[in-house]
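Novice: Line order of the protein sequences matches chains A and B. Just so we're aligned, residue 1 is where the first sequence starts under the working numbering, counting upward by one. Just so we're aligned, residue 1 is where the second sequence starts under the working numbering, counting upward by one.
Wrong hints could be hidden among the right ones.
As the list claims (entries may be wrong) - Here are some chain B residues pointing at chain A (derived, C-beta under 8 Å):
{"#": "1", "residue": "S106"}
{"#": "2", "residue": "I168"}
{"#": "3", "residue": "A221"}
Stated by the list, open to error - These stretches of chain A come out as covered by chain B in the derived footprint (C-beta under 8 Å, 3 or more residues):
{"#": "4", "segment": "50 to 63"}
{"#": "5", "segment": "142 to 154"}
What the hints assert, rightly or not - Computed list of lysine to any residue pairs in SDA-like fashion (alpha-carbon distance at most 20 Å, straight line):
{"#": "6", "chain 1": "A", "residue 1": "K152", "chain 2": "B", "residue 2": "A199"}
{"#": "7", "chain 1": "B", "residue 1": "K164", "chain 2": "A", "residue 2": "K116"}
{"#": "8", "chain 1": "B", "residue 1": "K164", "chain 2": "A", "residue 2": "V154"}
{"#": "9", "chain 1": "A", "residue 1": "K87", "chain 2": "B", "residue 2": "A10"}
{"#": "10", "chain 1": "A", "residue 1": "K152", "chain 2": "B", "residue 2": "Y29"}
{"#": "11", "chain 1": "A", "residue 1": "K116", "chain 2": "A", "residue 2": "P12"}
{"#": "12", "chain 1": "B", "residue 1": "K164", "chain 2": "A", "residue 2": "I28"}
{"#": "13", "chain 1": "A", "residue 1": "K87", "chain 2": "B", "residue 2": "R224"}
{"#": "14", "chain 1": "B", "residue 1": "K164", "chain 2": "A", "residue 2": "F137"}
{"#": "15", "chain 1": "B", "residue 1": "K164", "chain 2": "A", "residue 2": "E232"}
{"#": "16", "chain 1": "A", "residue 1": "K152", "chain 2": "B", "residue 2": "V227"}
{"#": "17", "chain 1": "B", "residue 1": "K164", "chain 2": "A", "residue 2": "A155"}
{"#": "18", "chain 1": "A", "residue 1": "K152", "chain 2": "B", "residue 2": "L162"}
{"#": "19", "chain 1": "B", "residue 1": "K164", "chain 2": "A", "residue 2": "Q49"}
{"#": "20", "chain 1": "A", "residue 1": "K152", "chain 2": "B", "residue 2": "F13"}
{"#": "21", "chain 1": "A", "residue 1": "K152", "chain 2": "A", "residue 2": "E232"}
{"#": "22", "chain 1": "A", "residue 1": "K152", "chain 2": "B", "residue 2": "A131"}
{"#": "23", "chain 1": "A", "residue 1": "K152", "chain 2": "B", "residue 2": "K164"}
{"#": "24", "chain 1": "B", "residue 1": "K164", "chain 2": "A", "residue 2": "E150"}
{"#": "25", "chain 1": "B", "residue 1": "K164", "chain 2": "A", "residue 2": "H146"}
{"#": "26", "chain 1": "B", "residue 1": "K164", "chain 2": "A", "residue 2": "K87"}
If you're looking for bench data, these hints aren't it; they were derived computationally from the structure. All figures in this text were calculated on a predicted structure; none of them were measured in a lab. Cβ coordinates follow ideal geometry from the N, Cα and C atoms, glycine included.
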Amino acid sequence: MFLWFHKLGSPPHFYRIAGKWIPWLSWIFLMLLLAGLYGGLIEAPPDYQQGESYRIIFVHVPAAWMSLFIYVVMAFCGAVIIVWRMKLAEVVLISSAPIGASFTFLALVTGSLWGKPMWGTYWVWDARLTSELILLFLYLGIIGLHNAIEDKRVASRAVAILALVGVVNIPIIHYSVEWWHSLHQGATVTKFDKPSIHWSMLIPLLLMALAFQVYYVLALFQKCRVELLQRERNSKWVEEL
Amino acid sequence: MSRRLSLTQAFVFLLRRDLLLALRNRAEYAMPLLFFVLVITLFPLALGALPELLARIAPGIIWVAALLAAMLSLDSIFRSDFDDGSLEQILLSAHPVAVLVLAKVSAHWLVTGLPLLLVAPLLAEMLGMPAAAQPTLLLTILIGTPILSLIGAIGVALTVGLRKGGIILSLLVLPLYVPVLIFAASATENAAMGFEVSAQIYMLLAFLFLSISLSPWATAAALRMSVS
Numbered sequence: 001m002f003l004w005f006h007k008l009g010s011p012p013h014f015y016r017i018a019g020k021w022i023p024w025l026s027w028i029f030l031m032l033l034l035a036g037l038y039g040g041l042i043e044a045p046p047d048y049q050q051g052e053s054y055r056i057i058f059v060h061v062p063a064a065w066m067s068l069f070i071y072v073v074m075a076f077c078g079a080v081i082i083v084w085r086m087k088l089a090e091v092v093l094i095s096s097a098p099i100g101a102s103f104t105f106l107a108l109v110t111g112s113l114w115g116k117p118m119w120g121t122y123w124v125w126d127a128r129l130t131s132e133l134i135l136l137f138l139y140l141g142i143i144g145l146h147n148a149i150e151d152k153r154v155a156s157r158a159v160a161i162l163a164l165v166g167v168v169n170i171p172i173i174h175y176s177v178e179w180w181h182s183l184h185q186g187a188t189v190t191k192f193d194k195p196s197i198h199w200s201m202l203i204p205l206l207l208m209a210l211a212f213q214v215y216y217v218l219a220l221f222q223k224c225r226v227e228l229l230q231r232e233r234n235s236k237w238v239e240e241l
Numbered sequence: 001m002s003r004r005l006s007l008t009q010a011f012v013f014l015l016r017r018d019l020l021l022a023l024r025n026r027a028e029y030a031m032p033l034l035f036f037v038l039v040i041t042l043f044p045l046a047l048g049a050l051p052e053l054l055a056r057i058a059p060g061i062i063w064v065a066a067l068l069a070a071m072l073s074l075d076s077i078f079r080s081d082f083d084d085g086s087l088e089q090i091l092l093s094a095h096p097v098a099v100l101v102l103a104k105v106s107a108h109w110l111v112t113g114l115p116l117l118l119v120a121p122l123l124a125e126m127l128g129m130p131a132a133a134q135p136t137l138l139l140t141i142l143i144g145t146p147i148l149s150l151i152g153a154i155g156v157a158l159t160v161g162l163r164k165g166g167i168i169l170s171l172l173v174l175p176l177y178v179p180v181l182i183f184a185a186s187a188t189e190n191a192a193m194g195f196e197v198s199a200q201i202y203m204l205l206a207f208l209f210l211s212i213s214l215s216p217w218a219t220a221a222a223l224r225m226s227v228s
């Protein structure tokens, strides 16, 4: 098991394994997505308060979960880079950043589309919206820093430090924004957290969350393969391909 | 040189060196202060000089301007040392780099953060902030600006090797400044309305100690990356 994991860390090996997994992952993703969408858009009953428009949560909530999850993955890679200087972790970190940024953007867009019929406006300075927006800036900062540094190995270390600094700050930012929100305006917005969610809505939601996870791994593998080829273009195993 | 400096001596030496450099180069360090005053002058011009409006938004304006002024001055923490090679000497020294970084950041705060404390009462008065809120404003500036310097140092250390680091720096650093802005501005605002502010002050103090203890390590790691 450990040996397998160790071998996965070597670029040529990872390149081959990831290539083999991609078709499988694509099928799994497609099936989960279809099942989730069917359950969410057709099977699940309309909400008694929000009617049909609540259905956007089947995209919105998994996207928001992914936006946080991917940042944690990146911070973990950052720690691995600083301690072990593992090349694969560098590739995973930087390939995750655009995917995470897209999920964050998706969560923001779907959130504001949901907000228009529900709250009557596309944007409110709600605590969650604001901290999600700041998370998007953190992602863009990581991408920007990586692009600005020419030497990609140096860039990876810079980005690793930044990801770690960011992950310490995310809870602080999140709670200060929440606190700021409760201070500045009362709960004018209907509370979204219900004590329980009916299983007919929960199951499609979880299916969609799983589909998004698989999609992340799928997109990550593809981006990693490209990034590996670019970085290792002068090495022997790339020439042999 | 055979004489070895103790850690405290090295810290004081570096602090004095940076302060001396700032003293010889006064014009450059006056710029952020001028910028601070200038930005605040723009707000009444843009929003109209209604006294109630200005008094209402004064804490926010002053803090946003302080944030921007701190941003503008950040580059000077490591830039000149990076250009003339003394940064490499600092990294090669026998002392822990994090402590030396703390000395440089302290010097930076003394020449850029502390002067804000001197002009802030004047600006608060010009914007018509209630007198009761002014001690709180000064207190938040006293606690908040070192946090800005400490967090900013990480950003500068990451970008000092880049030719066009400026715009990236603001993207890296401003999101991390959000908590300071929230608590400092809300403390001042609460004080203006006559409410209790100790909760916000304690939060700011907590941020200060957290950043004093963590940020020098991150800065040191980033400097090693930039110089290598």
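Novice: Quickly compare the C-alpha distance for A/K152 and B/V227 to 20 Å and report which way the hint goes.
Specialist: holds, 15 Å
Novice: Is the straight-line distance between the alpha-carbon of A/K152 and that of B/K164 20 Å or less?
Specialist: Within the cut-off at roughly 17 Å; holds.
Novice: A/K152 and B/A131: Cα distance at most 20 Å?
Specialist: This hinted pair is violated, its Cα atoms lying about 54 Å apart.
Novice: Can the restraint linking A/K152 and B/Y29 be considered satisfied, given a maximum Cα separation of 20 Å?
Specialist: violated, 34 Å
Novice: Given the hint that B/K164 pairs with A/Q49, does the C-alpha gap stay at or below 20 Å?
Specialist: With a Cα-Cα distance of about 52 Å, the restraint between B/K164 and A/Q49 is violated, given a limit of 20 Å.
Novice: Tell me if chain B covers the segment 50 to 63 of chain A under the three-residue, 8 Å CB rule, please?
Specialist: violated (count 0)
Novice: Given the hint that B/K164 pairs with A/F137, test it: the Cα-Cα distance must not exceed 20 Å.
Specialist: holds, 19 Å
Novice: Would you mind confirming whether the straight-line C-alpha gap from A/K152 to A/E232 stays at or under 20 Å?
Specialist: Holds: A/K152 and A/E232 sit about 11 Å apart, inside 20 Å.
Novice: Quickly compare the C-alpha distance for B/K164 and A/K116 to 20 Å and report which way the hint goes.
Specialist: Status violated; Cα separation ~40 Å.
Novice: Need the status of pair A/K152, B/L162: alpha-carbon distance at most 20 Å?
Specialist: holds, 13 Å
Novice: Can the restraint linking A/K87 and B/A10 be considered satisfied, given a maximum Cα separation of 20 Å?
Specialist: violated, 37 Å
Novice: Taking 20 Å as the top limit, are the C-alpha atoms of A/K152 and B/F13 close enough?
Specialist: Violated, because 36 Å separates the two Cα atoms, which is more than 20 Å.
Hint compliance for this structure: hints 1, 4, 6, 7, 9, 10, 11, 12, 15, 19, 20, 22, 26 are not met, and every other hint is.
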